[in-house]
Amino acid sequence: MRRSDNVGTRAAAPIPTDHGGRVGLDIVRRRVVRRRLAILLGLAPAIGVLLVLFVGPLIVALVQSLGYAPIYRVRAFPTFEYYATVLVSPRFRTAVVYTMYYAVVPTIISTALGVALAVALNRRIRHARVLSFFFRLPLVVPYLVGAAMVGALFAGGGLVARVLYAIGVIESTGEFPRILFSAGGWGVMLVYLFKQVPFTFIIVSAVLAGVGSEYEEVARTLGASKTKAFRYVVLPRIMPGVVTSSLLVFAFNFQSYEIPYLLGATFPTTLPVEALRRFNVPDVTRRPEAMAYIMLITVLSGIVLFLYLRAYRRWERSRGGV
Amino acid sequence: MKRKTRRSSTIRVRLRAFSVSCLWVLLVVACGESQSTDVESAAEFRDAFLAGERSWEQVLERAAQEGEVEFYHWGGSEALNNWMEVSARPEIEQNDIRLNLRRADTRDVVDLVLADMATERGPGDGTVDMVWINGENFRTLKDNNALFGSFADQLPNARYYLLDADDPASSVNLFDFGTPTDLMEMPWAAFQYTFRIDTERLVPEDAPRTFAELEEWMQENPGRFTYVAPPQYIGTTFVQTLIYEMNPDGTRYEPFLEDPEDIGAPELARLMRPAFEYLRRVEPYLLGGSGDPERPGRPEYPATAGALQSRFVGGEVDFDMEFGIYDVDREIRAGVYPETVRNIIFPEAGMITDKSFLAIPLNAPNPAAALVAINALSAPESHLSKLVEIGYAPGLDVPLLDPEDQRAFEAGAPDLHGVTAEELSAHEAPNVNARLVDIIDAVWMEYVAERSSRTFGDIVAEAWDAAVR
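For the record, the sequence lines run as chains A and B.
In this text, residue positions in the first sequence follow our numbering: the first is 1, and each later residue adds one.
In this text, residue positions in the second sequence follow our numbering: the first is 323, and each later residue adds one.
Source of the hints: derived by calculation from the structure; they are not laboratory data.
Remember, it's a predicted structure, so these values are computed and weren't measured experimentally.
Treat the hints with caution; some may be incorrect.
[Said to hold, decoys possible] When the alpha-carbon atoms are kept at most 20 angstroms apart in a straight line, the in silico SDA-like pairs for lysine to any residue are as follows:
1. B:Lys464 to A:Lys228
2. B:Lys464 to B:Val494
3. B:Lys464 to B:Gly586
4. A:Lys226 to A:Val96
5. B:Lys464 to A:Tyr72
6. B:Lys464 to A:Arg286
7. A:Lys195 to A:Val145
8. B:Lys464 to A:Ala112
9. B:Lys464 to A:Thr285
10. A:Lys228 to A:Ile71
11. B:Lys464 to B:Asp447
12. A:Lys195 to A:Val242
13. B:Lys464 to A:Asp283
14. A:Lys195 to A:Arg136
15. B:Lys464 to A:Arg34
16. B:Lys464 to A:Ile71
17. B:Lys464 to A:Asn122
18. B:Lys464 to B:Leu496
19. A:Lys195 to A:Ile109
Turn these sequences into a full structure, and let the hints guide you.
So, in structure tokens, the structure goes:
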């Protein structure tokens, strides 16, 4: 937000405002209009993509969820029947709880670990470069490959179980604790962490590099302890990066379906998996139910993100409105 | 400087004028061409063909004019994809048709056809010429009047298929999950649902032959069995198989071929209850179950057939299940299964057998080419190479072939590993009515996966309502 304000003031700066009189004002006005037009035109490709790829499908989903889907011979528009069906089902409520759980827990853990890693590697320690290279590696691996790796490692008959069995820690591979496909969702979260710790690490590292270490050093020379210097000097400065990365991570976890589908329990499961199941019911006249799910996912995710951002803004303001 | 710019701008103007006139020429040529050809429209061809007013020569001629065919098929098997390129392509393309293979999920193809129909793209204006299909997907197209029509018996190669409505042996060709095909799709491959064991871990003599025996076996070997979660069709078929054996009337599959609307929810609940009670009862003994009959534990239902297979191969469970009697041979050759894996006859009450088909959508852009291509894929040679190369059991009826061809099919069939063709055909059972699939899936999800506290009757009634509505 702050950055866009800057752009605005800078754009207004070169307009001569000291002319006085009507003619001058007109020129100013015309220039402003022209500049706005130029900005709009410049943004047009981006806005177009957003409209076509994001807003368009969302509107289609909304309309279908309200009962207008002639493709599937559904012409009940407008009806809230599909929302009612979804909202009264206990499965929906369970799915909301589990979606939150799968989204929030990995977000907190990966944010904590990512920040810790970034701060640790920002110090002058040996091999920091090599280490940070390795920590970035998982980013180039797709989520699905991550899921396959976690599956191969932690399944009941997976590599870890077999190694433990071979060295005699467990008596049969069946004794290996069930990490995947259980309601605890540890398999799902492992994949999330594998990808998202490095993601948070990179974003926070970049912010840290911009902040520099001078403030922290000053704080330390003025007698602040390591923790205090971090808590009162470093953390507030990297907070925008932390908030950004955790927002993205949360939004992804909230709407991701493939990982819970592949590594989660059959039941309970998350909203996106339930939506996909509804969508795949052979009877196509029930597709609007899936669309109602999709709209609810969008709204819920939006509400959570909005509340989170608002809380962050309040916190910023309470610190004296930077 | 100035002159140069002016000259270049005049060049630009001339260039533009030239390209515009080129466009005009093209347009005129294109219009002239479309006016000069007097090929009948796809809709006219469809009506004439279905009325039996087109000879096969005329179909071949039109197919060559159409010049290409869009063949959509499920692309999840590398072996099949290879076979399509190596065998199906030359068989189809020798008729002067270019084959465009489109790999897609069948459900997406159905969506594509319906979306085309919704934008009023009728005969000749669609995207899909032919599709490999069966079950609910076929039913959806049929219910939406999105199929070309009853073509199957008009193909020259139809003589290798039993298509006589009065002959009960034809029913596997004329019914697709209980939906009458009305000859709107051509049988292409046959699949039987088989269970597999690894003789390294389980001696075939000790393998259960009924679900009742399987329950005892599970109690003695807790955690060594699981099945794919419905609504994945491998899981749904497992539940169907169980429903047949647990049918309280002992009439096995018979009542389940009917439309659920005719059966009624209370009767359906009565017929299915023993099977679903069984599924709840055995939960403690499934993979991840507690082993304690009082608590289910956390039973693990793989989401896909591949996930079950990897647990079987990885030694977590002792049974694998899939459609395809020659699968074992193929998977052993591919190195996926160890050489000790065998098919077993399970359950004795009936192993579900069905066919998959090739269908033509109503709005196929190249209907004649689709007919010719399907005819090419219905030839005995094509089915033989499919059998030998990738182990797909033939969709045609081998007894109708010349004795020589029959011997070729016998000789070419891959090893059945542990069972005989006679045993398999003696235990065949048809698939359930397509409309029951939704109900079974919904009931399983709520009664078994969710362990809902509602009564079984209520759960079935709700699923029945949703499916019949």
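Do the hints match the structure? See the list:
1. Taken as a hint, the Lys464 (chain B) and Lys228 (chain A) pair is broken in the structure, with Cα atoms around 71 angstroms apart against an allowance of 20 angstroms.
2. As the CA atoms of Lys464 (chain B) and Val494 (chain B) are separated by approximately 18 angstroms, the hinted pair is consistent with the 20 angstroms bound.
3. Between Lys464 (chain B) and Gly586 (chain B), the direct Cα distance comes to roughly 23 angstroms. Violation of the 20 angstroms bound is thereby established for this hinted pair.
4. Among the hinted pairs, Lys226 (chain A) with Val96 (chain A) is inconsistent with the structure: their alpha-carbon atoms are about 40 angstroms apart, more than 20 angstroms.
5. Restraint check: the Cα-Cα separation between Lys464 (chain B) and Tyr72 (chain A) comes to about 13 angstroms, which is no more than 20 angstroms; the hinted pair holds.
6. Distance restraint check for Lys464 (chain B) and Arg286 (chain A): the Cα-Cα separation of roughly 17 angstroms lies within the 20 angstroms cut-off, and the hinted pair is therefore satisfied.
7. For the proposed pair Lys195 (chain A) and Val145 (chain A), the alpha carbon gap of about 11 angstroms is at most 20 angstroms, so the pair holds.
8. At most 20 angstroms may separate the alpha-carbon atoms for a hinted pair to count; Lys464 (chain B) and Ala112 (chain A) exceed this at roughly 55 angstroms.
9. About 14 angstroms separates the Cα atoms of Lys464 (chain B) and Thr285 (chain A), which keeps this hinted pair within 20 angstroms; it holds.
10. Between Lys228 (chain A) and Ile71 (chain A) the alpha-carbon distance is near 62 angstroms, which puts this suggested pair outside the 20 angstroms criterion.
11. Taken as a hint, the Lys464 (chain B) and Asp447 (chain B) pair is honoured in the structure, with Cα atoms around 18 angstroms apart against an allowance of 20 angstroms.
12. Proximity of Lys195 (chain A) to Val242 (chain A) is assessed by CA-CA distance (about 16 angstroms); at most 20 angstroms being required, the pair is judged to hold.
13. This hinted pair checks out: Lys464 (chain B) and Asp283 (chain A) have alpha carbons roughly 12 angstroms apart, not beyond 20 angstroms.
14. Taking the CA atoms of Lys195 (chain A) and Arg136 (chain A), the gap is about 9 angstroms. The hint holds against a cut of 20 angstroms.
15. For the given pair, Lys464 (chain B) sits about 58 angstroms from Arg34 (chain A) by alpha-carbon distance, which is inconsistent with the 20 angstroms threshold.
16. With a CA separation close to 14 angstroms, the supplied pair Lys464 (chain B) and Ile71 (chain A) stays within the 20 angstroms bound.
17. The straight-line distance between the Cα atoms of Lys464 (chain B) and Asn122 (chain A) is roughly 64 angstroms, outside the 20 angstroms bound, and the hint therefore fails.
18. For the proposed pair Lys464 (chain B) and Leu496 (chain B), the alpha carbon gap of about 14 angstroms is at most 20 angstroms, so the pair holds.
19. For the hint pairing Lys195 (chain A) with Ile109 (chain A), the CA-to-CA distance comes to about 12 angstroms; that is within 20 angstroms, so the pair holds.
Hint check: violations occur at hints 1, 3, 4, 8, 10, 15, 17; the rest are consistent with the structure.
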